[in-house]
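Undergrad: What follows is the residue order along each chain.
There are 2 protein chains.
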Amino acid sequence: MALGTDYAQQDCSIARALEVVGERWSMLIVRDAFYGVSRFNDFLVHLDIPRAVLTARLRALVEAGVLRKEQYQYSPARYGYHLTEAGLELWLPIHALSRWGEKHASDLGPRTIFTHDTCGTRLSPDSHCVPCGVRVTPEQVIMRQAPGARPNPRTDPVAVALSRPHRLLTPVTDPGPEPAAHH
Amino acid sequence: MALGTDYAQQDCSIARALEVVGERWSMLIVRDAFYGVSRFNDFLVHLDIPRAVLTARLRALVEAGVLRKEQYQYSPARYGYHLTEAGLELWLPIHALSRWGEKHASDLGPRTIFTHDTCGTRLSPDSHCVPCGVRVTPEQVIMRQAPGARPNPRTDPVAVALSRPHRLLTPVTDPGPEPAAHH
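These protein sequences, in sequence, are chains A and B.
Offset between the first sequence (1-based) and the working numbering: plus 55.
Offset between the second sequence (1-based) and the working numbering: plus 55.
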């Protein structure tokens with residue numbers, strides 16, 4: 056019996072959310088967008104997934120209103136993918152899920168930590184800064200490597216750039232020449 | 056190229072979390088466990104998924120330490136599935152995801168709302184009670200139908216029982232005679 060791609064019989068907001076971000080790789084694409092990845096080729100090298108899969112997921116996330124597609128170059132045409140207001144609100148569940156994964160699905164402890172830009176304190180799992188007594192939105196977050204973190208097994212340029220302290224939602228690689236491959 | 060069942064090249068807590076709860080239906084099984092569903096047959100009728108899929112997902116969630124399996128009857132043997140401490144910590148991401156889905160992936164508004172047991176206030180998306188100024192854990196949550204909510208299209212006994220105000224993590228159906236089918 057085919058499982059289908061939706062949860063039509065489940066009139067439930069979680070099921071609706073999963074129909075948008077529950078596809079394999081979709082949540083990691085959104086994670087990368089929070090990291091400031093926006094160009095097709097940067098998603099491709101950092102996620103290391105088949106080009107056709109990335110194309111399909113990006114299209115679905117644009118259709119669902121999570122990402123918007125903006126043209127940043129005209130000859131040849133090139134596009135960037137950016138989080139919409141709706142996409143930005145995925146920070147809360149995605150960050151909470153990542154903290155759960157670090158605590159309960161991994162032996163290795165954090166590699167990346169997310170800190171409040173004004174005071175440097177690590178966010179709580181519910182995205183608050185406890186000393187400042189405020190909720191923190193992604194625009195206020197600096198990602199950095201955890202002290203004593205194990206090295207990143209990935210060596211692509213995006214991973215290397217992200218190994219340095221980096222404000223979320225800001226560009227992650229230098230806008231330099233890009234490969235000729237189109238999407 | 057097979058996508059595989061893991062994100063081995065992604066050394067990332069989100070990817071680790073998704074390997075545990077990202078399988079189709081897993082997050083809805085965990086949602087049902089928060090609702091107080093524990094018996095195999097109750098998951099089966101409420102989720103309306105093939106028996107073999109439910110069996111596989113429950114086994115995986117037990118192996119991952121999200122659910123524990125307890126025998127509650129000996130002749131014939133029957134088992135209940137309950138959230139572990141690790142499983143209870145999934146409340147934060149799952150509730151946040153459901154609020155995102157209600158706001159951005161559905162036209163219909165909430166059907167179920169989650170309230171602070173002491174004051175009746177709806178939880179914020181980050182699971183705080185704003186008037187009380189506290190984080191709320193799932194043991195402190197009453198689920199109820201939203202005012203003016205559309206009717207539940209499902210008519211199984213679990214859905215009917217859940218249409219009344221109900222404290223999370225408490226049993227959802229009467230412990231009555233069960234069908235003869237084994238799992």
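For the record, the hints were derived by calculation from the structure and aren't laboratory data.
Hints should not be assumed to be uniformly reliable.
Any copy, or any two copies together, can satisfy a pair, since identical chains are not distinguished.
As the list claims (entries may be wrong) - The list that follows gives simulated cross-link-like pairs (lysine to any residue, SDA-like), each with its CA atoms no further than 25 Å apart:
id: 1; residue 1: K124; residue 2: V108
id: 2; residue 1: K124; residue 2: D162
id: 3; residue 1: K158; residue 2: V117
id: 4; residue 1: K124; residue 2: R177
id: 5; residue 1: K158; residue 2: A132
id: 6; residue 1: K158; residue 2: Y127
id: 7; residue 1: K158; residue 2: E140
id: 8; residue 1: K158; residue 2: F89
id: 9; residue 1: K124; residue 2: R190
id: 10; residue 1: K124; residue 2: R79
id: 11; residue 1: K158; residue 2: T228
id: 12; residue 1: K124; residue 2: P202
id: 13; residue 1: K158; residue 2: Q126
id: 14; residue 1: K124; residue 2: C174
id: 15; residue 1: K124; residue 2: I168
id: 16; residue 1: K124; residue 2: G203
id: 17; residue 1: K124; residue 2: R199
id: 18; residue 1: K124; residue 2: S161
id: 19; residue 1: K158; residue 2: D87
id: 20; residue 1: K158; residue 2: E144
id: 21; residue 1: K124; residue 2: G164
Because the structure is a prediction, the values reported are computed rather than measured.
Undergrad: Determine which of the earlier numbered hints do not hold for this structure and return their numbers in increasing order.
TA: 4, 5, 6, 9, 11, 12, 13, 14, 15, 16, 17, 21
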